[in-house]
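Undergrad: Spelled out, the chains give:
There are 2 protein chains.
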Amino acid sequence: MIKIKILSIGKTKESWLDTAMGEYFKRLKGQVEFECQWAKSDEQLIQLVEKESSVICLDPAGKEMDSPEFSTFFEKKVEEGGARLTFVIGGAEGLPRSLKDKFSLLSLSRLTFTHQLIRLVLVEQIYRAFTLMKGIPYHK
Amino acid sequence: MIKIKILSIGKTKESWLDTAMGEYFKRLKGQVEFECQWAKSDEQLIQLVEKESSVICLDPAGKEMDSPEFSTFFEKKVEEGGARLTFVIGGAEGLPRSLKDKFSLLSLSRLTFTHQLIRLVLVEQIYRAFTLMKGIPYHK
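Protein sequence lines, in the order shown, are assigned to chains A and B. Position 136 of the first sequence, counting from 1, maps to 138 under this note's numbering, and the rest follow consecutively. Position 45 of the second sequence, counting from 1, maps to 47 under this note's numbering, and the rest follow consecutively.
Calculated directly from the structure, the hints in this document are not laboratory data. There's no promise every hint is true.
Just so you know, same-sequence chains aren't split out, so a pair can sit in one copy or run between any two.
As the list claims (entries may be wrong) - In the DSS-like style, the derived pairs of lysine-lysine whose C-alpha atoms are separated by at most 25 Å in a straight line are:
hint : residue 1 : residue 2
1    : Lys31     : Lys15
2    : Lys79     : Lys7
3    : Lys102    : Lys7
4    : Lys79     : Lys15
5    : Lys53     : Lys7
6    : Lys136    : Lys13
7    : Lys42     : Lys15
8    : Lys15     : Lys5
9    : Lys15     : Lys28
10   : Lys5      : Lys28
11   : Lys13     : Lys28
12   : Lys5      : Lys31
13   : Lys31     : Lys104
Next up, chain A with everything else stripped away, as it sits in the complex:
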């Protein structure tokens, strides 16, 4: 079982977003266990990140990948992290500077998405990476 943690700031506001993320969590049930933690401030986010060992921070200025590259990267990171991986999404104003400086940055798009929508985009890419890894046909 792979354990993926998603850390960000602020609760998921929109119920459609919860529904959508829940749909992907359900599709990966038994193979990937997701845990979401929503901090109340940059300071709390930094504290939560400090507890983690295998961390990837999302930032529009980070390294860009296409989906097969992301899948390979994801597989390698999962292996290195002993089946544990933590993704960090900044708040409305982006990632705190100290996290930007400390961790390698991954970009899901050069476009800025809301820190809410990016949660869904990330989860969909994890699902896609997983189907590529396992050779499962993508559920369109």
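Dock chain B against the given chain A, drawing on the hints supplied.
TA: This is chain B only, laid out in the frame that chain A set:
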């Protein structure tokens, strides 16, 4: 009033996606009028596109922009098109070759999104472009 048409293949399957897109349509009400047309096949999509004059096709291999660049591009295209603009999203297998060859291609990410999720990502970027154009604070 700006009229934006979104052409793609296949109905929007997920009700959360309809809800999410509806939320952005509502926020832009009175300023942007959206019309979505979902074709049943590549052939029908091509026929729908032929009726349009100002067309932008989305493709992961197209030109990438950040959000301010997209906003400038969007504003210019809306002006050129006489306040009308059509975005085309390919089906599960991507854009038909004839559309790829004929129109300029825009990429919202190097990652492949489902042709369903990309609808929402596009609408959110249009909303973001519009807030940048008008200097409205983005509703986070």
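Undergrad: Next step is simple, just say for each hint if it's right about the structure.
TA: Now for the hints, and whether the structure bears them out:
1. Lys31 to Lys15: Intra 24 Å, inter 21 Å, cutoff 25 Å: intra and inter.
2. Lys79 to Lys7: Within one copy, since 13 Å is at most 25 Å while 40 Å is not.
3. Lys102 to Lys7: Within one copy only: 18 Å inside a chain, 38 Å across chains, cut-off 25 Å.
4. Lys79 to Lys15: Neither. Shortest intra-copy (30 Å) and inter-copy (32 Å) distances fail the 25 Å Cα cut-off.
5. Lys53 to Lys7: within (12 Å within a copy, 47 Å between copies)
6. Lys136 to Lys13: Neither: 32 Å inside a chain and 28 Å across chains, both beyond 25 Å.
7. Lys42 to Lys15: Within one copy only: 13 Å inside a chain, 34 Å across chains, cut-off 25 Å.
8. Lys15 to Lys5: within (24 Å within a copy, 29 Å between copies)
9. Lys15 to Lys28: Intra 20 Å, inter 17 Å, cutoff 25 Å: intra and inter.
10. Lys5 to Lys28: Close inside one copy (14 Å), not across copies (37 Å); limit 25 Å.
11. Lys13 to Lys28: both (20 Å within a copy, 22 Å between copies)
12. Lys5 to Lys31: within (11 Å within a copy, 42 Å between copies)
13. Lys31 to Lys104: neither (32 Å within a copy, 42 Å between copies)
Of the numbered hints given earlier, the model fails hints 4, 6 and 13; all others are met.
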